[in-house]
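Visitor: Go ahead and model the full structure; you've got the sequences and the hints to work with.
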Amino acid sequence: MLLLRLAIRNLTRNTRRTVLTIMLISFSLTSLIFAEALTLGMLDILVNSVTKNLVGEAQVHKPGYRENLDVDLYLNETDQIVDQLTSDPAVQSVSERVIAGGMLASSYNVATGLMYGIDPAAEAKVTQLKEALITGDFLSGKTGEILLGDELADLLEVELGDRVVMTLSEANSGELAQALFRVSGIFHFGISAVDEGVVFTNISQARQVLTLTSQQSHEIAIRFHDADVAKSKQAAIFAQLNNDETETLSWLELNKSIASIIEISGLSSWIVGSILFVLAGLGVINSMFMSIYERIYEFGVAKAIGTTPARIAGLIFTEAFLIAVFSCIVGAALGYLLGSYAEVHGVPMGEFEVSGIAIDNRIRLRLELYQFIQYPIYVICLTLAAAIYPARFAAKIIPTEALQRSL
Amino acid sequence: MTEPLIQTRHLCRYFEQSSDITVKAVDDVSVDIEAGEFTAIIGPSGSGKTTLLHLIGGLDNPTAGDVLLNGQNIAKFSAGELSRFRRDHTGFVFQSYNLIPVLSAEENVEYVMLLQGLDAAKRKQRVAETLAQVGLSEYGSRRPNKLSGGQQQRVAVARAMASHPDIILADEPTANLDSKTGIALLDVMKELNETLGMTFVFSTHDEKIMKRASRLIHMVDGKIERDERKTP
Chain A
1 MLLLRLAIRN LTRNTRRTVL TIMLISFSLT SLIFAEALTL GMLDILVNSV TKNLVGEAQV
61 HKPGYRENLD VDLYLNETDQ IVDQLTSDPA VQSVSERVIA GGMLASSYNV ATGLMYGIDP
121 AAEAKVTQLK EALITGDFLS GKTGEILLGD ELADLLEVEL GDRVVMTLSE ANSGELAQAL
181 FRVSGIFHFG ISAVDEGVVF TNISQARQVL TLTSQQSHEI AIRFHDADVA KSKQAAIFAQ
241 LNNDETETLS WLELNKSIAS IIEISGLSSW IVGSILFVLA GLGVINSMFM SIYERIYEFG
301 VAKAIGTTPA RIAGLIFTEA FLIAVFSCIV GAALGYLLGS YAEVHGVPMG EFEVSGIAID
361 NRIRLRLELY QFIQYPIYVI CLTLAAAIYP ARFAAKIIPT EALQRSL
Chain B
1 MTEPLIQTRH LCRYFEQSSD ITVKAVDDVS VDIEAGEFTA IIGPSGSGKT TLLHLIGGLD
61 NPTAGDVLLN GQNIAKFSAG ELSRFRRDHT GFVFQSYNLI PVLSAEENVE YVMLLQGLDA
121 AKRKQRVAET LAQVGLSEYG SRRPNKLSGG QQQRVAVARA MASHPDIILA DEPTANLDSK
181 TGIALLDVMK ELNETLGMTF VFSTHDEKIM KRASRLIHMV DGKIERDERK TP
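So the sequence lines, in the order shown, correspond to chains A and B. Using the numbering used here, the first residue of the first sequence is number 1, and each one after it goes up by one. Using the numbering used here, the first residue of the second sequence is number 1, and each one after it goes up by one.
Hints in this document: simulated from the structure, not taken from any laboratory. Yeah, the Cβ is synthetic: ideal placement off N, Cα and C, and Gly gets one too. Please note that a few of the clues may not be correct.
As the list claims (entries may be wrong) - Between beta-carbon pairs, the in silico distance windows are:
{"#": "1", "chain 1": "B", "residue 1": "SER45", "chain 2": "A", "residue 2": "VAL272", "range": "55 to 63 Å"}
{"#": "2", "chain 1": "A", "residue 1": "ILE8", "chain 2": "B", "residue 2": "GLU81", "range": "24 to 32 Å"}
{"#": "3", "chain 1": "B", "residue 1": "GLU138", "chain 2": "A", "residue 2": "ASN286", "range": "26 to 34 Å"}
{"#": "4", "chain 1": "B", "residue 1": "ASN176", "chain 2": "A", "residue 2": "ILE8", "range": "27 to 35 Å"}
{"#": "5", "chain 1": "B", "residue 1": "TYR14", "chain 2": "A", "residue 2": "ILE271", "range": "48 to 56 Å"}
Said to hold, decoys possible - Here are a few chain A residues that sit away from chain B, every Cβ distance over 10 Å (derived from the structure):
{"#": "6", "residue": "ARG5"}
{"#": "7", "residue": "ARG9"}
{"#": "8", "residue": "ASN10"}
{"#": "9", "residue": "VAL19"}
{"#": "10", "residue": "ASN76"}
{"#": "11", "residue": "ASN109"}
{"#": "12", "residue": "GLY161"}
{"#": "13", "residue": "ALA179"}
{"#": "14", "residue": "ARG207"}
{"#": "15", "residue": "LYS231"}
{"#": "16", "residue": "ASP244"}
{"#": "17", "residue": "GLU247"}
{"#": "18", "residue": "ALA310"}
{"#": "19", "residue": "ILE373"}
Guide: In structure tokens form, the structure reads like this:
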């Protein structure tokens with residue numbers, strides 16, 4: 001109690017210095033919470049762009065298919081695989097796809113692209129293709145429907161209802177095959193590679209063109225009830241469907257560049273946090289030393305009348321702890337207020353691309369509970385660590401030398 | 001015959017100012033101080049009186065020699081042991097700025113007893129007693145900056161005696177006080193000495209202290225030049 005009483009009163013002796021120190025630490029904490037929430041918000045955009053737009057949260061392929069998208073490497077008896085997947089409680093929905101690269105020609109231009117044959121109803125449960133439509137209608141299952149990305153439509157100079165011809169190789173035989181489509185819809189995902197190089201048709205027609213049966217597909221995209229299942233690969237299907245016939249990978253494994261960005265962003269948070277904390281720590285050391293130098297005579301008297309070095313150090317640590325606690329309260333409150341505002345209204349960042357994914361001009365922050373528990377604990381530990389040197393200095397003050405100091 | 005309260009034996013404290021200059025602040029001092037004495041260590045500036053006072057009070061470690069308080073040799077104590085020794089056995093009054101500025105007069109007096117671990121009731125009782133003994137019962141709640149210099153020194157005396165030390169060491173306690181306030185402070189200390197038998201040792205230039213002291217130890221160049229006991 002004595003230490004606490006003394007520490008509180010000492011901190012209120014030079015209110016301006018104490019407030020400045022608290023501001024320094026609390027703003028560092030606020031900045032860290034804000035920066036972390038901003039990073040999480042940006043990652044959400046990246047992850048959603050990947051998982052909700054085309055990739056899904058996991059995919060099943062024939063082993064080796066992903067290396068060069070060989071049309072001959074297709075999954076067989078896919079109804080059994082789909083049954084196995086849908087019986088897994090972690091799986092929410094699945095979508096079969098038939099994929100082939102080819103040439104797309106309009107009356108005005110020619111382009112290369114990937115044709116995705118999809119089941120419209122199943123695809124709508126796995127990705128946001130339906131929501132990405134900017135004009136026209138989603139696939140209804142009728143022969144001849146095709147969805148184009150807006151950039152590809154511009155390149156081919158086609159609009160809704162225009163005809164396009166897809167030329168591709170049949171599976172197994174390698175014979176050239178052609179199919180005529182009419183543009184039924186145009187989509188925009190904000191991912192350049194998709195918007196300028198992917199088309200969607202009905203899976204039945206795609207199978208027909210490629211001479212595949214209704215039990216054969218190139219890819220099965222999966223969505224889980226909990227997106228984190230894919231990250232940790234907790235679902236049983238990751239073990240069951242990785243064998244000689246099937247390869248099941250999470251979106252992180254399918255998008256190494258995004259996985260790297262996520263990893264780097266975690267590291268960058270640590271670096272930013274470390275820099276902020278080191279600066280705040282130096283501020284604490286400076287402030288504590290100023291406070292100690294002002295009180296050297298006083299420490300001399302205190303030691304002369306029997307205060308032990310440990311108690312002197314305890315006083316400095318108590319003062320540092322109080323500063324840290326106040327800073328955490330202020331910093332966390334400020335972080336919450338600013339973060340909550342930016343969570344709703346977003347932070348304008350301009351338009352830019354990360355790994356081919358266009359980031360919206362506003363990033364909505366994602367606040368997490370751990371930012372308000374873990375980071376304040378770090379702040380308290382760091383402040384106490386920063387106080388070790390001043391506390392040691394104060395504890396070692398020699399009373400006879402301190403008492404000779406002129407005031 | 002009872003053992004003296006304080007005994008120094010060939011006590012030396014040297015300070016190296018440079019590689020070839022050593023200042024002998026206290027040089028081979030052997031002196032006994034009995035319980036209940038009101039002793040003044042006097043001498044010109046630089047004669048070593050404050051250093052001797054610090055050595056006796058365990059504020060400094062000697063270069064050589066021994067300091068025995070109640071037979072206990074404190075010369076070889078560690079910093080922590082010396083802190084505890086000072087807390088339990090000595091009381092200090094310095095020239096000025098004796099008090100912890102953020103604590104009230106009562107809290108300053110209570111401080112050492114808190115360090116000693118006395119219970120709250122005992123502390124409260126002793127605070128009231130000692131502040132009354134120095135005539136400051138009405139000023140207990142005031143912080144040092146609301147007290148005059150003389151009042152602050154009396155609070156320092158109250159704090160020094162509240163822990164019931166064996167000895168109170170006072171380093172030029174009247175140096176920053178006007179004559180009238182200095183006399184009042186000395187009267188308080190003399191009365192405590194006479195009524196409670198408290199042992200006081202001063203380092204001083206002050207004629208008023210010398211006049212009241214029962215013993216004068218004259219120091220010159222770190223050595224005791226003369227030890228003069230006054231007859232009552």
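Visitor: None of the hints should be skipped; say for each whether it holds.
Guide: Verification of the supplied hints:
In this structure, SER45(B) and VAL272(A) meet the distance hint of 55 to 63 Å, their C-beta atoms being roughly 58 Å apart. Roughly 30 Å separates the CB atoms of ILE8(A) and GLU81(B), a value that falls within the hinted 24 to 32 Å. Distance hint check: the CB atoms of GLU138(B) and ASN286(A) are about 42 Å apart, inconsistent with the given range 26 to 34 Å. At roughly 30 Å, the beta-carbon separation of ASN176(B) and ILE8(A) lies within the given 27 to 35 Å, and the hint holds.
A hinted range of 48 to 56 Å holds for the C-beta pair TYR14(B) and ILE271(A), which are about 54 Å apart. Remark: the non-interface label on ARG5(A) conflicts with the geometry, its nearest Cβ contact in chain B lying 8 Å away (cut-off 10 Å). The beta carbon of ARG9(A) sits about 4 Å from the closest Cβ of chain B, which is not more than 10 Å, so the claim that it is off the interface is violated. The beta carbon of ASN10(A) sits about 6 Å from the closest Cβ of chain B, which is not more than 10 Å, so the claim that it is off the interface is violated.
For VAL19(A), the requirement that its beta carbon stay farther than 10 Å from each beta carbon of chain B is met, with the minimum near 17 Å. Its beta-carbon lying about 81 Å from the closest one in chain B, ASN76(A) satisfies the requirement of being farther than 10 Å from that chain. In this structure ASN109(A) is separated from chain B by more than 10 Å, as the shortest Cβ-Cβ distance comes to about 83 Å. The Cβ of GLY161(A) lies farther than 10 Å from every Cβ of chain B, with a closest approach of about 85 Å, so its non-interface assignment holds.
Residue placement check: ALA179(A) keeps its beta carbon more than 10 Å from all beta carbons of chain B (closest about 88 Å). Every beta carbon of chain B lies more than 10 Å from that of ARG207(A), the smallest distance being close to 85 Å; the non-interface claim holds. No beta-carbon of chain B is positioned within 10 Å of the beta-carbon of LYS231(A); the least distance is around 54 Å. With a minimum CB-CB distance of about 73 Å to chain B, ASP244(A) clears the 10 Å threshold, and the non-interface call stands.
GLU247(A), annotated as away from the interface, keeps every beta carbon of chain B farther than 10 Å; the closest lies near 68 Å. With a cut of 10 Å on Cβ distances, ALA310(A) falls inside the contact zone with chain B, its closest approach being about 7 Å. Its beta-carbon lying about 33 Å from the closest one in chain B, ILE373(A) satisfies the requirement of being farther than 10 Å from that chain.
Checked against the numbered hints above, the structure violates hints 3, 6, 7, 8, 18; every other hint is satisfied.
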